[in-house]
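Residue numbers (the numbering used here), protein chains in the order written: chain A, 1 to 101; chain B, 1001 to 1486.
If you're looking for bench data, these hints aren't it; they were derived computationally from the structure.
All values reported here derive from a predicted model rather than from experimental measurement.
Don't take each hint at face value.
Claimed, not checked - Mimicking EDC-like on lysine to aspartate or glutamate, the simulated pairs with C-alpha atoms at most 20 Å apart in a straight line are:
id: 1; chain 1: B; residue 1: Lys1349; chain 2: A; residue 2: Asp20
id: 2; chain 1: A; residue 1: Lys26; chain 2: B; residue 2: Glu1064
id: 3; chain 1: A; residue 1: Lys26; chain 2: B; residue 2: Asp1372
id: 4; chain 1: B; residue 1: Lys1349; chain 2: A; residue 2: Glu18
id: 5; chain 1: A; residue 1: Lys5; chain 2: A; residue 2: Asp36
id: 6; chain 1: B; residue 1: Lys1334; chain 2: B; residue 2: Glu1096
id: 7; chain 1: A; residue 1: Lys26; chain 2: B; residue 2: Asp1413
id: 8; chain 1: A; residue 1: Lys5; chain 2: A; residue 2: Glu18
id: 9; chain 1: A; residue 1: Lys2; chain 2: B; residue 2: Asp1372
id: 10; chain 1: A; residue 1: Lys2; chain 2: B; residue 2: Asp1417
id: 11; chain 1: B; residue 1: Lys1111; chain 2: B; residue 2: Asp1038
id: 12; chain 1: A; residue 1: Lys5; chain 2: B; residue 2: Asp1273
id: 13; chain 1: B; residue 1: Lys1483; chain 2: B; residue 2: Asp1038
id: 14; chain 1: A; residue 1: Lys2; chain 2: B; residue 2: Glu1064
id: 15; chain 1: A; residue 1: Lys2; chain 2: B; residue 2: Glu1354
id: 16; chain 1: A; residue 1: Lys2; chain 2: A; residue 2: Glu25
id: 17; chain 1: B; residue 1: Lys1334; chain 2: A; residue 2: Glu18
id: 18; chain 1: B; residue 1: Lys1349; chain 2: B; residue 2: Asp1038
id: 19; chain 1: B; residue 1: Lys1349; chain 2: A; residue 2: Glu25
id: 20; chain 1: A; residue 1: Lys26; chain 2: B; residue 2: Glu1354
id: 21; chain 1: A; residue 1: Lys5; chain 2: B; residue 2: Asp1417
id: 22; chain 1: A; residue 1: Lys5; chain 2: B; residue 2: Asp1416
id: 23; chain 1: B; residue 1: Lys1349; chain 2: B; residue 2: Asp1333
Claimed, not checked - With the C-beta cut set under 7 Å, the calculated list includes, among others, these residues of chain B facing chain A:
id: 24; residue: Ala1013
id: 25; residue: Ser1016
id: 26; residue: Arg1017
id: 27; residue: Arg1347
id: 28; residue: Gln1356
id: 29; residue: Ile1359
id: 30; residue: Leu1361
id: 31; residue: Gln1380
id: 32; residue: Val1381
id: 33; residue: Thr1383
id: 34; residue: Gly1435
Note that beta-carbon positions come from the ideal geometry of N, C-alpha and C, so glycine has one too.
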Amino acid sequence: MKISKEDVIHVAHLARLELDEAAVEKFSHQIGTILDYVDTLNRLDTTGVSPTSHAIFLTMPFARMKSRSIWTWNWRFPMRRKKMQEHFWFHGLSDDRINRI
Amino acid sequence: MKLYELTISQAAALLSRHELTSLELTGAVLERIHAVEDRVGAFITLNDEPAMAQAAIADKTLSEGKGTVLTGIPLAIKDLICTQGVRTTCASRILENFIPPYDATVIQKLKAAGAVLVGKANMDEFAMGSSTENSAFKTTRNPWDLSRIPGGSSGGSAAAVAADMCLGSLGSDTGGSIRQPASHCGVVGMKPTYGRVSRFGLVAFASSLDQIGPIAKDTRDCALLMNAISGHDPRDSTSVPEPVPDYTRFLDGDIKGLVAGIPKEYHASGGLDPEVSQAVNRAIQTLQDLGVRCVDVSLPHTGYAVAAYYVIAPCEASSNLARYDGVKYGFRDKTADTLMEMYRNTRSKGFGPEVQRRIILGTYSLSAGYYDAYYGKASQVRTLIMDDLKKAFQHCDILISPVAPTPAFAIGDNTDDPLTMYLSDIFTLSANLAGIPGMSVPCGFSAKGLPIGLQLMGPHFSEGTLLKTAYHFEQTTDFHKKKAIL
């Protein structure tokens, strides 16, 4: 069996689940069986194989982060200069910006 | 023919010629639902009055000579697709009373097309299951044999179409959850390419695998529903900005010379029921008679798909379902004295056993010391499975396989053996791992009269080719025309 009852209780705690004794017994057996089956993956040599987390090639739709002088944005917001000095300012995302990335 | 037995294209023709009103059609469908729902159990929430109001609006639109092919057509929606003002439970106690404040993009599109939404269809809780036995509310029964499962997780959506409780429906497919119930219920179901249909408003199970798709009485209806729901959506960052063709235009195209790959690993599968194997082989022969050239291909990592999937999907689920903590959504346990106790009680009482099992499996696989051994390894194997498919599609246009290894099994047969249940997904999982489209089309019946489905899969964005092949197959067979007797 791949997963002990103590492990099930610990993982259930991490997942914020409360299990009674019968559920711990059942899950440790069932999950153990599943993990034994999952171990068949270890028969494959995956050295040098890149992992895939996404089935379709997509560019991440986030703006590139660029550092810039705080004076740049202070110049843009002269009326709020004092207040803005306490904050960072980021460009918002618009469809247009996403398409240009 | 009874009104509720019409296909979408038949009903649309009658509606456009003003030989039928949506009020008559929707009324007939709702009557049908009330007549058979206690036996089939396809719906969690019925939408009677709003549906009749939508039908009246549709009739007005049609009387003005406006509208689309879906205007006035009664459809069912899997209960994990958000519908503004209509309860969306995911078949879970934790969302039992959740009423979304917005529509999913697919619902917006269907409403804009004038469709009538008759109700929210039953499913396995949070789409985790292959039998619809994991619903917190009821077990849906297969209209062809009420002692058997309809498949899952979109079992309510497929059973509703098979039992004429709607003219078409939407399901979602994370590992076969549209194709397998479509196969078991003798209807047509399509899992589109990942990113083809917006997931905005689809309650997430495993975000890199989930995809919304149609379930219909025949392939033409499937194409019509695909036309309505496909397309790029800026609100879904994984939606692909690829133009949407008119899928009905593919149907009459020629399939002579099309090359179909027969994966030898699928057909050599030890657990494949002889009746399923025979039905699929007969279907291959029919396609060959239509001019399709069949070639043997190999997908050497097929045997690892179930293991990779049942690491990746629970890992994503354990992360996605962390949001159900009693604070932001749905059910909250009110007996707890501390915040931590409230979290634990809410989630333990709100989630059913299958969901808890997958959360624990996913949390364990992602925990320190096990991440590389489980999630990292499974993600690498996913790459190998995708590479197998890419190589296969260098030699063929589509792949042909069974959908499920057996016809629908009896209710209760596999409830205590999750691994056996998971292994029944062997033929459908690879399409989700690789993000490719797949569909199920009826190709025969077992000796006990249970439907058997043929699976067609193709490269990314090849839905048109799959629909064309399925349509030509339908024209020479009548499996899709047979009706379950209730």
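Evaluated hints:
1. Proximity of Lys1349 (chain B) to Asp20 (chain A) is assessed by CA-CA distance (about 12 Å); at most 20 Å being required, the pair is judged to hold.
2. For a cut-off of 20 Å, the pair hint linking Lys26 (chain A) to Glu1064 (chain B) is broken: about 62 Å separates their Cα positions.
3. For the suggested pair Lys26 (chain A) and Asp1372 (chain B), the alpha carbons sit about 26 Å apart, so the restraint of at most 20 Å is broken.
4. Simply put, Lys1349 (chain B) and Glu18 (chain A) have alpha-carbon atoms about 9 Å apart, close enough for the 20 Å limit, and the pair holds.
5. This hinted pair checks out: Lys5 (chain A) and Asp36 (chain A) have alpha carbons roughly 16 Å apart, not beyond 20 Å.
6. Pair hint Lys1334 (chain B) plus Glu1096 (chain B) holds up; C-alpha atoms about 16 Å apart against a cutoff of 20 Å.
7. About 17 Å separates the Cα atoms of Lys26 (chain A) and Asp1413 (chain B), which keeps this hinted pair within 20 Å; it holds.
8. About 13 Å separates the Cα atoms of Lys5 (chain A) and Glu18 (chain A), which keeps this hinted pair within 20 Å; it holds.
9. For the hint pairing Lys2 (chain A) with Asp1372 (chain B), the CA-to-CA distance comes to about 16 Å; that is within 20 Å, so the pair holds.
10. At most 20 Å may separate the alpha-carbon atoms for a hinted pair to count; Lys2 (chain A) and Asp1417 (chain B) meet this at roughly 17 Å.
11. Between Lys1111 (chain B) and Asp1038 (chain B) the CA atoms are separated by roughly 28 Å; this puts the pair beyond 20 Å, and the hint is violated.
12. For the proposed pair Lys5 (chain A) and Asp1273 (chain B), the alpha carbon gap of about 37 Å is over 20 Å, so the pair is violated.
13. Distance hint between Lys1483 (chain B) and Asp1038 (chain B) is fulfilled; the C-alpha atoms sit about 19 Å from each other, no more than 20 Å.
14. Only pairs whose Cα atoms come within 20 Å are accepted, and Lys2 (chain A) paired with Glu1064 (chain B) is rejected, the gap being roughly 66 Å.
15. A threshold of 20 Å between alpha carbons decides the hint, and for Lys2 (chain A) with Glu1354 (chain B) the separation of about 19 Å falls inside it, so the pair holds.
16. In summary, the hint linking Lys2 (chain A) to Glu25 (chain A) is supported, as the alpha carbons are separated by about 13 Å, within the 20 Å threshold.
17. At roughly 15 Å between alpha-carbon atoms, Lys1334 (chain B) and Glu18 (chain A) fall within 20 Å of each other, so this suggested pair holds.
18. Restraint check for Lys1349 (chain B) and Asp1038 (chain B): the C-alpha separation of about 27 Å exceeds 20 Å, so the hint is violated.
19. For the suggested pair Lys1349 (chain B) and Glu25 (chain A), the alpha carbons sit about 18 Å apart, so the restraint of at most 20 Å is met.
20. Of the pairs offered as hints, the one joining Lys26 (chain A) and Glu1354 (chain B) holds, with about 12 Å between alpha carbons and a cut-off of 20 Å not exceeded.
21. Restraint check for Lys5 (chain A) and Asp1417 (chain B): satisfied, since their Cα atoms lie roughly 19 Å apart, inside the 20 Å limit.
22. Of the pairs offered as hints, the one joining Lys5 (chain A) and Asp1416 (chain B) holds, with about 19 Å between alpha carbons and a cut-off of 20 Å not exceeded.
23. Proximity of Lys1349 (chain B) to Asp1333 (chain B) is assessed by CA-CA distance (about 8 Å); at most 20 Å being required, the pair is judged to hold.
24. Hint status for Ala1013 (chain B): violated, given a least beta-carbon distance of 36 Å to chain A, over 7 Å.
25. With 7 Å as the threshold, the beta carbon of Ser1016 (chain B) stays out of range of chain A, its nearest partner Cβ sitting at about 35 Å, so the hint is violated.
26. Taking 7 Å as the C-beta cut-off, the interface hint given for Arg1017 (chain B) is violated, the closest approach to chain A being about 41 Å.
27. Hint status for Arg1347 (chain B) relative to chain A: holds, with the closest Cβ pair at about 5 Å, below 7 Å.
28. Residue-level restraint check for Gln1356 (chain B) holds (minimum Cβ-Cβ distance to chain A is 6 Å; threshold 7 Å).
29. Checking Ile1359 (chain B) against chain A by beta carbon gives a least distance of about 5 Å; that is within 7 Å, so the hint holds.
30. A cut of 7 Å between beta carbons decides the hint on Leu1361 (chain B): the least distance to chain A is about 5 Å, and the hint holds.
31. Checking Gln1380 (chain B) against chain A: minimum C-beta separation of about 4 Å stays under 7 Å; hint holds.
32. Of the supplied interface hints, the one on Val1381 (chain B) holds, with its beta-carbon coming within about 6 Å of a beta-carbon of chain A, less than 7 Å.
33. A cut of 7 Å between beta carbons decides the hint on Thr1383 (chain B): the least distance to chain A is about 4 Å, and the hint holds.
34. Against a cut-off of 7 Å between C-beta atoms, the interface hint on Gly1435 (chain B) holds, since the closest Cβ of chain A lies about 3 Å away.
When each numbered hint is compared with the structure, violations occur for hints 2, 3, 11, 12, 14, 18, 24, 25 and 26.
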